[in-house]
Amino acid sequence: MSDPVLAQLVANLGTGRIRVVDLTQTLSPDFPQIVLPPEMGQAWPFRIDEASRYDERGPAWYWNNFSCSEHTGTHFDAPIHWISGRHLPDASTDTIPAGHFIAPACVIDCSKEAAADADFLLTVVVLHKWERRHGRIPRGSWVLMRTDWSKRSDPVAYQNLDETGQHTPGPDTDAVRFLVKERDVLGFGSEAIGTDAGQAYHLKPPYPCHYYMHGSGRYGLQCLTNLDLLPATGAVVIAAPLKIRDGSGSPLRALALVPSPAEAPSRRPKKAAKKRTWKQRR
Amino acid sequence: MTRPLVRPPRKNPIVRTRMPTLPPAGRSRVALGLTAAAARGRFELQVCRDCGTVQYPPRESCCSCLSRRLDWRPQDGTGDLLSETTLWHSNELFYRERVPWRLGMVRLDCGPVVVAHLHGDCDAAPSRVRVRAALDRAGQAALIALPEKDAPNMADDRQLREMTCNPKFRKVLITDAKTPLGQAMVETIVAADADLVWAGYSEPWKKTHGFDRLTALPQVSLLPLDLTNSRAVKDAAGEIGGRVDILINTADYHRNYGIAARNGLEAARAEMDVNYFGLLRLAQEFAPAMRGRGADGQSSAVAWVNLLSIFALSNFPPHGTYSASKAAALSLAQCLRAELSPAGVRVINVFPGPIDDEWNQLIPPPKIAPARLASDIVEALRGGAEDIYPGDIAQEWLARWRDNPKTLERELAAATR
Amino acid sequence: MSRAGYDDVVVTAPVTLSYVRYSIHGAHWFLAGALAELLQRAGLGKGEIDGLCVSSFTLAPDTAVGLTQHLGLTLRWLDHIPMGGASGILALRRAARAVQCGDADAVACVAGDTNHTDSFRLNLATFSEFARDAVYPYGSGGANTSFAFLTAHYIRSYGAAREDFGKLCIAQRANAVKFPHALIRKPLTLDDYLTARLIAEPLRLFDCVMPCAGADAFLVLRRGKAEALGLSYARILSTIERHNAFRDDPIQYRGGWALDRDELYGQAGVGPQDIDVLATYDDYPVISLMQMEDLGFCDKGEGPDFVRRNTFTVNGSFPVNTSGGQLSVGQAGAAGGFLGLVEVIRQLTGQALGGAVADPRVGLVSGFGMINYDRGLCSGAAILAASGGPA
Chain F
8 MSDPVLAQLV
18 ANLGTGRIRV
28 VDLTQTLSPD
38 FPQIVLPPEM
48 GQAWPFRIDE
58 ASRYDERGPA
68 WYWNNFSCSE
78 HTGTHFDAPI
88 HWISGRHLPD
98 ASTDTIPAGH
108 FIAPACVIDC
118 SKEAAADADF
128 LLTVVVLHKW
138 ERRHGRIPRG
148 SWVLMRTDWS
158 KRSDPVAYQN
168 LDETGQHTPG
178 PDTDAVRFLV
188 KERDVLGFGS
198 EAIGTDAGQA
208 YHLKPPYPCH
218 YYMHGSGRYG
228 LQCLTNLDLL
238 PATGAVVIAA
248 PLKIRDGSGS
258 PLRALALVPS
268 PAEAPSRRPK
278 KAAKKRTWKQ
288 RR
Chain C
522 MTRPLVRPPR
532 KNPIVRTRMP
542 TLPPAGRSRV
552 ALGLTAAAAR
562 GRFELQVCRD
572 CGTVQYPPRE
582 SCCSCLSRRL
592 DWRPQDGTGD
602 LLSETTLWHS
612 NELFYRERVP
622 WRLGMVRLDC
632 GPVVVAHLHG
642 DCDAAPSRVR
652 VRAALDRAGQ
662 AALIALPEKD
672 APNMADDRQL
682 REMTCNPKFR
692 KVLITDAKTP
702 LGQAMVETIV
712 AADADLVWAG
722 YSEPWKKTHG
732 FDRLTALPQV
742 SLLPLDLTNS
752 RAVKDAAGEI
762 GGRVDILINT
772 ADYHRNYGIA
782 ARNGLEAARA
792 EMDVNYFGLL
802 RLAQEFAPAM
812 RGRGADGQSS
822 AVAWVNLLSI
832 FALSNFPPHG
842 TYSASKAAAL
852 SLAQCLRAEL
862 SPAGVRVINV
872 FPGPIDDEWN
882 QLIPPPKIAP
892 ARLASDIVEA
902 LRGGAEDIYP
912 GDIAQEWLAR
922 WRDNPKTLER
932 ELAAATR
Chain P
444 MSRAGYDDVV
454 VTAPVTLSYV
464 RYSIHGAHWF
474 LAGALAELLQ
484 RAGLGKGEID
494 GLCVSSFTLA
504 PDTAVGLTQH
514 LGLTLRWLDH
524 IPMGGASGIL
534 ALRRAARAVQ
544 CGDADAVACV
554 AGDTNHTDSF
564 RLNLATFSEF
574 ARDAVYPYGS
584 GGANTSFAFL
594 TAHYIRSYGA
604 AREDFGKLCI
614 AQRANAVKFP
624 HALIRKPLTL
634 DDYLTARLIA
644 EPLRLFDCVM
654 PCAGADAFLV
664 LRRGKAEALG
674 LSYARILSTI
684 ERHNAFRDDP
694 IQYRGGWALD
704 RDELYGQAGV
714 GPQDIDVLAT
724 YDDYPVISLM
734 QMEDLGFCDK
744 GEGPDFVRRN
754 TFTVNGSFPV
764 NTSGGQLSVG
774 QAGAAGGFLG
784 LVEVIRQLTG
794 QALGGAVADP
804 RVGLVSGFGM
814 INYDRGLCSG
824 AAILAASGGP
834 A
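Residue numbers (this note's numbering), protein chains in the order written: chain F, 8 to 289; chain C, 522 to 938; chain P, 444 to 834.
Hints were generated in silico from the structure; no laboratory data involved. Model, not experiment: these values are computed from the prediction. Even glycine gets a Cβ: it sits at the ideal position worked out from N, Cα and C. Heads up, some of the hints might be wrong.
Claimed, not checked - Some chain P residues judged to face chain C by a derived CB distance under 8 Å, without partners named:
{"hint": "1", "residue": "Tyr579"}
{"hint": "2", "residue": "Phe592"}
{"hint": "3", "residue": "Leu641"}
{"hint": "4", "residue": "Tyr816"}
Construct all of the structure, not just a fragment, from the sequences and the given hints.
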């Protein structure tokens, strides 16, 4: 007799008891790519060229060749992406344990604040406030910062650049350290073009989300969308990057499984009895 | 007196578009020496090194002393119009479609007698004229006799216009209008009486100083165009390709690395993707429509301008990978020239020396200002040349290269030491 | 040192095949036709011809050599003279010397060309390097532009009026009306001439020859052989030939005859006043005037006056191009260079096909041609006498 637990998952998916929400922006040449100073090595935007389309180049088939950076579109950052994570074991896309690619997610709604201030920084104060309402952030969860930034369909507005650089929301240093040290999260996800705020160069240290998350072997997700369709807790995110040798990240199809109707996660989570940490899952 | 050009009426969309025809294009190898000089905007004839006799038509040996030591030398073209005719009938399709057509027989002050196109403002024979060599619609050198003194609206002469690519009343695409050169190009082309200028731009989130100013010009229409994006180029061509009379490819990705100065391929690849593959994408998408419109009325498709670099002729090692991308673009531009020539569309390759912009910051002057470069390009469009070398550096390196490419290679390598 | 005369070398058996505007046949067809008729008139078998001189522009890829096998001839003397309007005179000069020194006994001189709708265009492409490099790019495939320049210059220099040229054309057309092989036999009026379609100013339609297909031929023999065959013949009194004369003249207003005419008349022992019939090479009327001047019928620049003082029909004061000239008969390629020569032979031997000049004794045939760039490079002339005429 086969174990019913996955059969139940499949059945629930079939009935819609569990919905699949697509957290991924469409990969196309029009999607904005991160802007670096011209002197630096640039990350390629997505580009695609036909190889054939039922024509003399290939009569019965259509296919394309594409190119992009590991960090193009909706994408995954591995710890090796940042200097603080360069010596960690299991830190590249091909060595991260596969079990880490499926994890629960907490969604922090900062959409009003981000609408008022493009440079909004997520602080520990906001996190505490969230926890009072939704319970403690569980170990091994994704923390996703909802800003509705993905609804900016004009690439100029999405990039939001001016003479002083990029202006997009993100976490401040203390919030990141809190999530790493006090909550042992899996990683941080954002709707904007970086997990760090657009002006994070000026924080201490610069780009604290990259610095601390990757420096402690955790991950990042960027250019997410549809976070407004997720409950604050209770969703499970599937985010598996391409298995690139020594990869620093990759574009991916990020999906969320959402219970439907969504349960109100008003209770504080019970203390877990398991001894094994999420990192030990395979 | 040449009547000034009038804006042509709108094209009747029901009427078949006249297909391009060309003047006879065959030339012997020696006669191509005339074309080689006209391509650079010069009128040159062979001069015997031993007896000084000037030769025409071009030939293998001196018609006076049989010496085979003939050198091409610049001529000022002044002479006497001995006789003239107006063609009313021709077996050549090109001329048949364009009669009446004035021709003259000129005795040049330097000696030979030449047959030449005769500008409408030239007085009847006998009179004094100035003969110039320019490329005709077939891309071969032809001689045209101009009046002794410049006359008003001279450039609008119907016959002279068949040898030039005047932007007046034409529609022009400038592929990258954001760079300093691109912006100057838009302004200069508008001032040259172009009817409509598409200002191409990419990465709208990157604001460039001065670009917004252009949108205020009534002739200017912004056009999203990223030359690294095949689909975008195709879409742009789908939208405007059938109306482009002159395409000026100003897109230029420029970094300052040789081989050792930069790890990895990223910068060099970006240079190739814009400077070489960008040209290829543009050519694949825009050339077909231009080919079909080579004889499409007064505002026909007439020219394709490529902003190359004098570095394309000989690698400048401090900008080594950039030079290589420009060399690749030059080779491809020659291919494009061959493919557009049956349509009478001229490919003009521009080889400036270092432009006075950020990527040439460390190069000592003389550097060429974007505005000056833009006006040199317009002058090339109005003239009969197809290879221009604007600025003092370009002129000097060209002279050295023509003298001996290997010595120029050594001199440029010395810049690396 | 004076040149050798032509002893008793004679020309006979003048042949003209009917000209047609277009033909699907090759040049060989016309050349064979002319040769066959020549043999028939001469009463000779093919094997009795031991020399052949060919002039053709449409023989390619064949040359004269290929023609020998094509026609089934075995020869001990062969020449190919594709020199346009000078072909007749030059063929005569070559053949006459061959017969004179015994290199051949009976030389057939044949000129012919076919004409397809694309012949003119294709022939031009390979005509001359200078023309290709320095004339055709300017729009006149062919010689129209060069002759428009010459005509305009001549008019301006010497006060010629278009009516002067018209008079020549009209007279030649009147001659052609009677000539059975002429392509254009409709009489021409001055009004027709003056108001005809402009080609290249000042040239109009009737200033230009019509390219066509056809062939002409004649036979060169010793007098004894001609008499033995019972053929009427004309004697060769003198000939001249010149290429690229006056090459420093900025524009052509005179031809090589001006250099060589004293020798022409000196060798013949006659003067211009003794010429009873003239054949000029008439690709354009201005050239006919130039030949009249340079061959001594009037002074340089007096051509218009000479035209006004004379009439040029068969019965006129000065018969010129009595079969109509190329301007009315048509220009069958290189055969145009034979047309005048063959007609003068006919007149001198009393075999005129059209109008006959009354009792001509001496005839002068002029050849000109090969517009390599801006001028005709070849010039030539021959003075022939009727068999009963001056020694």
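Okay, the hints, checked on the actual structure:
no.	hint	verdict
1	Tyr579	holds, 4 Å
2	Phe592	holds, 4 Å
3	Leu641	holds, 4 Å
4	Tyr816	holds, 6 Å
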